[in-house]
Amino acid sequence: MDALNNLMYGFGIALEPMNIAYVFAGVFAGTIIGMLPGLGPISALALMIPITFAMEPSSGLILMAGVYYGAIFGGSSSSILLNAPGVAGTVATSFDGYPMAKQGMAGKALAIAAYASFVGGTISIVFLMMVAPMLSKVAVAFGPAEYFALMVLGLTAVVSLSDKSLVKGLIAAVVGIMISIIGIDLQTGTVRFAFGSSHLLDGIDFLVVALGIFALAEVFYMLLRGGGGKEQPRNAIGSLKLSRSEVGEIAGPIGRSSVLGFFTGVLPGAGATIGSFLGYSMEKRIAKDGDTFGKGNIKGVAAPEAANNAACTGSFVPLLTLGVPGSGTTAVLLGALLVMGVSPGPAMLVDRPDVFWGVIASMYIGNIMLLVLNLPLIPYIAKILEMPRPLLLSLILIFCMVGVYGMSFSVFDLLFLLGFGLVGLGMRLFGFPAAPLILALILGAIMEESMRRALQISGGDWMVFIDKPISMWLLIIAALSLLLPVVKPMLRKLRTRRTA
Amino acid sequence: MTRLNSNQIIALLLALLSVGYLAMAWQIPAFPLPRPIDSDLFPKVLGFTLLGLAVLLFLEAPAAGEPQPDGDTDEPREPLLLRPWSRVVVTAIALAAYALLLVPVGFVVASTLLSFGLAWYYGYRRHGVNLATSLGVVLALYLTMTRVMEVYLPTGILPI
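Those protein sequence lines, which keep their order, are chains L and Y.
Residue numbers for the first sequence follow the numbering used here, beginning at 333 and rising by one.
Residue numbers for the second sequence follow the numbering used here, beginning at 1001 and rising by one.
Just so you know, the hints here were simulated from the structure itself, not pulled from any lab data.
Check the hints yourself; a few may be wrong.
Said to hold, decoys possible - Below are the EDC-like pairs computed for lysine to aspartate or glutamate, each with C-alpha atoms no more than 16 Å apart in a straight line:
#	chain 1	residue 1	chain 2	residue 2
1	L	620	L	683
2	L	496	Y	1060
3	L	496	Y	1040
4	L	469	L	683
What the hints assert, rightly or not - A short list of chain L residues far from chain Y (calculated; beta carbon distances all over 12 Å):
#	residue
5	339
6	458
7	463
8	467
9	475
10	570
11	575
12	587
13	588
14	624
15	627
16	679
17	712
18	800
19	828
Glycine included, each C-beta is placed from N, C-alpha and C at the ideal position.
Work out the full structure: start from the sequences and follow the hints.
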């Protein structure tokens, strides 16, 4: 009953008129940004940080949660309408969503996406409510050694699960940590890597890096590719209604994929992209009409959509209970929280129940908003996609610049933003994944601090990381996760040789 | 001599970076009181890790689709200013100029100019719509930031 009381308390906060307005604004803005090809939840969240800066932490996080949901949903819309997924998490949606749109059933696909997202989100919120308090009880026993190991695991998992080169992912992560420790070392007061500049004493703000590497780099990339690609012919949206038999058909896939998605989301490094692909391939295997997947099967839209939304919610578990984000997106959320003066972790449930339960309740509300307000508005929101690309690109640039300047009031940071935009472009061109860098940037400084604290307690004995069972196992899993991409192709080769 | 591929060039740059980083890490002053772990250890570990990764990258073959030095650049012969790379360079210069002029010129003027100018440069020809949208969005941003969120933005040459 405790959880229910807490949830009621959360609803009390989330249902304050201002907070409802924030959820709606967040979902709406997120949908628009997520719909723009190339701009995903990370850019959407980073663009929102300056706005949440002055807010109550619970309101700020409520807004951010709305943006996150909205961005994922917006991404699905552009996957379905344009075959141009705004986010990796909705790529699987385009497999069947776009064929449906070509057959004049875009509205149906969008409606299925919205229902599936709603159910996926709602089921996983129930799981989140049950799992998070339990996990945070365990996490209270975590000392610095365990935290260090956990963060190492988070980083290696993100690196090994990205579809790019392992070495490049690790390089991105190491560079991210390097950036994070620039400035005054909080434990000794020693200045590191500031090049004698007073601007760098506080380090480089993560917003500058996040907006540069994601949003700005994306604009540069679109410019390089000729202004965002050719205009695709738009399909009529059609009716949003589903028949009863269709609802029956998608109910099973949605249920299964929601549960699968949630647990994928909880795992560090996994998250929406992997969740949605797993959901899609699972349903394709189970379905009797599996061979029609990819040709506009409604289950092929429902499964990845339920899974990716459930995974989004799942990824809040490590963030809220351990204070350790498991993905680039939740890393940006953590950054936003830190800016607002809240440090998530096991103590948050006790110290800031308003934030914790307010966010959970606002997730319910955000989900309902998505369904009730966003779905009918989709045909109108889709008009944004018709906005001339040149105008859109130049406005995104302005938003990036204001975002950084409004937060730091520093021209220096604007130049840094530009620099990181160019670095991000280079990373995109040469296949360096950006998510490990951003996660490492957020985790780097905390990682060093936990490592040093652990060693301080042990008197400099490195065995402290192995003597403690939890930390040892986390490190072993981290090492294994790095071996995975190396071993997988070998196994595949062996298997093909055996069948040949 | 065989040509270096893109990974190898990046690896060499990263190796240089890590050597420089390590050199700086060794200059981090020690904390007066002896501590088991001082400020310099973590950076040293990072520097060596990056160096090792650079070596691995040098040995890795680039994935398909990554740009290679001297690769076939069958860019259509457009006027220099309109080639894709020129667009990136011009945009970067425009942003740098914007950063430097923001305070003296003011947010509203600088941002409107940037947005209008770049949209024009990217090929948008309906100037009236362009100006109205740029000015409208910038003004809306300015008023939201300064009036609602009470974030100061430079007024520059405008009296407001």
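Verification of the supplied hints:
With a C-alpha separation of about 51 Å, the suggested pairing of residue 620 of chain L with residue 683 of chain L is violated against the 16 Å cut-off. Between residue 496 of chain L and residue 1060 of chain Y, the direct Cα distance comes to roughly 12 Å. Compliance with the 16 Å bound is thereby established for this hinted pair. Between residue 496 of chain L and residue 1040 of chain Y the alpha-carbon distance is near 31 Å, which puts this suggested pair outside the 16 Å criterion. At roughly 14 Å between alpha-carbon atoms, residue 469 of chain L and residue 683 of chain L fall within 16 Å of each other, so this suggested pair holds.
Residue-level check passed: residue 339 of chain L sits 31 Å from the nearest beta carbon of chain Y, beyond 12 Å. With a minimum CB-CB distance of about 35 Å to chain Y, residue 458 of chain L clears the 12 Å threshold, and the non-interface call stands. For residue 463 of chain L, the shortest C-beta to C-beta distance to chain Y comes to about 33 Å, beyond the 12 Å cut-off, and the non-interface label holds. Look at residue 467 of chain L: its CB is around 28 Å from the nearest CB on chain Y, clear of 12 Å, so calling it non-interface holds up.
Non-interface status of residue 475 of chain L relative to chain Y is upheld: no Cβ of that chain comes within 12 Å, the nearest being about 16 Å off. For residue 570 of chain L, the condition that its CB be more than 12 Å from all CB atoms of chain Y holds, with the nearest at approximately 30 Å. Under the 12 Å C-beta cut-off, the non-interface status given to residue 575 of chain L relative to chain Y holds; the minimum distance is some 42 Å. No Cβ of chain Y comes within 12 Å of the Cβ of residue 587 of chain L; the nearest lies about 38 Å off, and the non-interface call holds.
Residue 588 of chain L, annotated as away from the interface, keeps every beta carbon of chain Y farther than 12 Å; the closest lies near 34 Å. For residue 624 of chain L, the shortest C-beta to C-beta distance to chain Y comes to about 31 Å, beyond the 12 Å cut-off, and the non-interface label holds. Chain Y leaves residue 627 of chain L outside its interface by the beta-carbon criterion, the shortest separation being 27 Å against a cut-off of 12 Å. Listed as outside the interface, residue 679 of chain L is consistent with that label: its C-beta sits roughly 25 Å from the nearest C-beta of chain Y, beyond the 12 Å cut-off.
No beta-carbon of chain Y is positioned within 12 Å of the beta-carbon of residue 712 of chain L; the least distance is around 18 Å. The beta carbon of residue 800 of chain L sits about 17 Å from the closest Cβ of chain Y, which is more than 12 Å, so the claim that it is off the interface holds. Residue-level check passed: residue 828 of chain L sits 20 Å from the nearest beta carbon of chain Y, beyond 12 Å.
Hints 1 and 3, counting from the list given before, are not met by this structure.
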